Amino acid sequence: MSLVEAATTPRLDIRADFPILAREIDGRPLVYLDSAATSQKPEAVIEAMNDFYRRHNANVHRGVYTLAQEATELFEGARARVAAFAGGETDTTIFTRNATEAINLVAYAWGREHVGPGDAVLLTEMEHHSNIVPWQLLCQETGAELRYLGVSDEGTLSLDELDAQLARGDVRLCAFAHVSNVLGTINPVAEMAARSRAAGAVSLVDGSQGVPQLPVDVGAIGADFYAWTGHKALGPTGIGVLHGRRELLEAMRPFLGGGDMIRTVGFQESTWNELPWKFEAGTSMVAEGVGLGAAVDYLAALGMENVRAHERELTRYALERLEAVGGVRVIGPSSAQERGGVISFELAGIHPHDVADLINREHVCVRAGHHCAMPLMRRLGVPATARASFGPYNRREDVDALAAALAKAREVFGL
Amino acid sequence: MDDLYRDYILDHYKRPRNFGELDPHDLDAHDHNPLCGDEMGVHIRVEGGRIADLRFHGQGCAISQAAASIASEEYIGMAVDEVPALDGEWLIDLLGIPISATRRKCALLNLKVVRGALTGDASWPRGSG
Chain H
1 MSLVEAATTP RLDIRADFPI LAREIDGRPL VYLDSAATSQ KPEAVIEAMN
51 DFYRRHNANV HRGVYTLAQE ATELFEGARA RVAAFAGGET DTTIFTRNAT
101 EAINLVAYAW GREHVGPGDA VLLTEMEHHS NIVPWQLLCQ ETGAELRYLG
151 VSDEGTLSLD ELDAQLARGD VRLCAFAHVS NVLGTINPVA EMAARSRAAG
201 AVSLVDGSQG VPQLPVDVGA IGADFYAWTG HKALGPTGIG VLHGRRELLE
251 AMRPFLGGGD MIRTVGFQES TWNELPWKFE AGTSMVAEGV GLGAAVDYLA
301 ALGMENVRAH ERELTRYALE RLEAVGGVRV IGPSSAQERG GVISFELAGI
351 HPHDVADLIN REHVCVRAGH HCAMPLMRRL GVPATARASF GPYNRREDVD
401 ALAAALAKAR EVFGL
Chain P
1001 MDDLYRDYIL DHYKRPRNFG ELDPHDLDAH DHNPLCGDEM GVHIRVEGGR
1051 IADLRFHGQG CAISQAAASI ASEEYIGMAV DEVPALDGEW LIDLLGIPIS
1101 ATRRKCALLN LKVVRGALTG DASWPRGSG
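Respectively, the protein sequence lines represent chains H and P. Quick note on numbering: the first sequence equals residues 1 to 415 in this note's numbering. Quick note on numbering: the second sequence equals residues 1001 to 1129 in this note's numbering.
Bear in mind the hints are in silico, worked out from the structure with no lab data behind them. Just so we're clear, the structure is a prediction, and the values are computed from it rather than from any experiment. Just to be clear, a hint being listed does not mean it is correct.
As the list claims (entries may be wrong) - Rough simulated footprint, nothing fancy, chain H against chain P, three-plus residues with beta-carbon under 8 angstroms: (1) 1002-1009; (2) 1035-1044; (3) 1054-1063.
As the list claims (entries may be wrong) - Pulled a few chain H residues facing chain P out of the computed Cβ check, cut under 10 angstroms: (4) 350; (5) 352; (6) 358; (7) 368; (8) 369; (9) 374; (10) 377; (11) 383; (12) 384; (13) 412.
Unchecked claim - Straight-line alpha carbon distances no greater than 20 angstroms define the calculated EDC-like cross-link-like pairs of lysine to aspartate or glutamate that follow: (14) H/408 with P/1002; (15) P/1014 with H/346; (16) H/408 with H/323; (17) P/1014 with H/411; (18) H/408 with H/26; (19) P/1105 with P/1087; (20) P/1105 with P/1093; (21) H/408 with P/1003; (22) H/408 with H/397; (23) P/1105 with P/1003; (24) H/408 with P/1011; (25) H/408 with P/1007; (26) P/1014 with P/1002; (27) P/1014 with P/1039.
We put the CB at the ideal spot given by N, CA and C, even for glycine.
Using the sequences and the hints, build the whole thing.
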């Protein structure tokens, strides 16, 4: 292998760690290219959750017996490692059900107190529904205005436009994706957070597509809130994460009320537990926390720089291979350097739904549709796209299978 | 030969019959499948209790478009009061291809808008249709 080849070959070889990828359908290996929807899970995560239920299961934060202590230590130990993995502090790292709930937590517990008539909430046209609808509800309730930063034809945001919006002086909160789940665009979130802060606006980053594929340091990014979800980052479903700025979290009212989030409860009023538990009402998702702890341990051992390099090379290779198929129009930034491992595309003459159906016959799993970003689809002028997305376990052969399946789809359609 | 994308399906997809607008028309309806982005409208002209003419318009996958094209040839000339009795099985038999659960909504979209135009009931099909 030449040096040039070596530099462009995906570097991770971890397929064997993922039991589901050993599955064959009709005697052929599974080609999983839908990691932006959810990632597959390594044996280490499955085993950690299995072991928790088999050996350590008890409710946390209460019992003094051995099992309860073990469960609490496993759960809170996982929180500490999840926090460290993303560059956050343990007590400002809140577990939620998913990224959607993390964003709703901010929209309710912070937004209802700080956003009112005459104020504005600023989003971008590339947001997932989870980072649109909570703000629509907030603005409808409070009379605030909802505005959007535009997306260029290349699929990028403009910092000048952000400055112009902030200069209007009414923006209370800016919320934006770290990486677009449709375009793959990696946004300059640290810069956007800094400019928001300088203009007196609170910032929230939807890191659902960021944490699984980029080295993320929420402290260095400097946003007031950073939300992400476990299941896209090799962890289980049912657990998400909100990193928040301490002063804001301390001043906020709780989101959900119930057990575990209180210090004292009276007949008429209660006092709140300290961070992070003030925002974690009811019995926690304990096994899921343990599973997410195992997932970040696994990712940390791979090294997120390596994960990023691996997926960047795979994306670069895929962009080349897709172009060679003929009739493929890739949506979003043209360079793998500027995008994450997500490629949305159209195949001329074949609707995305038919593309996904046809290539499923070759056991290639891609997504077709609006990808929970209907406003962005409207902006791009497409009813839907097909989308291939990568995880650290994908390899060049998966891209080859996609390209071959697309060529076959064109044959079926006589193109 | 592909089971689903047979020659006549692709032919109707690429050269859809009775597509476009119909002006003037007596009845119309429009609907969409938000999950996959299919959208379809229909214009209908009624004469003597029958569907005298009909045009579909919209965009979508091969199954939704071909199904509308094929069915359009059945709808024209049909008595208006026959339409409420048409069900998903009628349409799928007419297409003559194996329609999986995930593609059923694509195939039925044309009947949904025709029923909507003639009966004013946009809620069909309930559940799996």
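- Task: Starting from residue 1014 of chain P, check that the Cα of residue 1039 of chain P is at most 20 angstroms away, please.
- Result: This hinted pair holds, its Cα atoms lying about 17 angstroms apart.
- Restraint check, 10 angstroms cut-off on beta carbons, for residue 350 of chain H near chain P: holds, 7 angstroms
- Message: For a C-alpha distance cap of 20 angstroms, please report whether residue 1105 of chain P and residue 1003 of chain P respect it.
- Response: holds, 18 angstroms
- Query: Hey, does the residue 377 of chain H contact hint survive, CB to chain P under 10 angstroms?
  - Reply: The hint holds - residue 377 of chain H has a Cβ within 10 angstroms of chain P, the shortest such distance being about 7 angstroms.
- Item | Pair hint residue 408 of chain H and residue 1003 of chain P, alpha-carbon separation not exceeding 20 angstroms | Within the cut-off at roughly 14 angstroms; holds.
- Holds or violated: residue 408 of chain H with residue 323 of chain H, Cα cutoff 20 angstroms? holds, 15 angstroms
- Item | Status of the hint placing residue 352 of chain H at chain P (closest C-beta pair under 10 angstroms) | holds, 7 angstroms
- Item | Status of the hint placing residue 358 of chain H at chain P (closest C-beta pair under 10 angstroms) | Nearest chain P Cβ about 7 angstroms off; hint holds.
- Pairwise hint evaluation, residue 1002 of chain P against residue 408 of chain H, where the allowed Cα distance is 20 angstroms at most: holds, 11 angstroms
- Item | Pair hint outcome, residue 408 of chain H versus residue 397 of chain H [Cα-Cα no greater than 20 angstroms] | holds, 16 angstroms
- Using 10 angstroms as the Cβ threshold, decide whether residue 412 of chain H counts as touching chain P. holds, 5 angstroms
- Item | Pairwise hint evaluation, residue 1093 of chain P against residue 1105 of chain P, where the allowed Cα distance is 20 angstroms at most | Distance of about 15 angstroms is within 20 angstroms: holds.
The structure meets every hint from the earlier list without exception.
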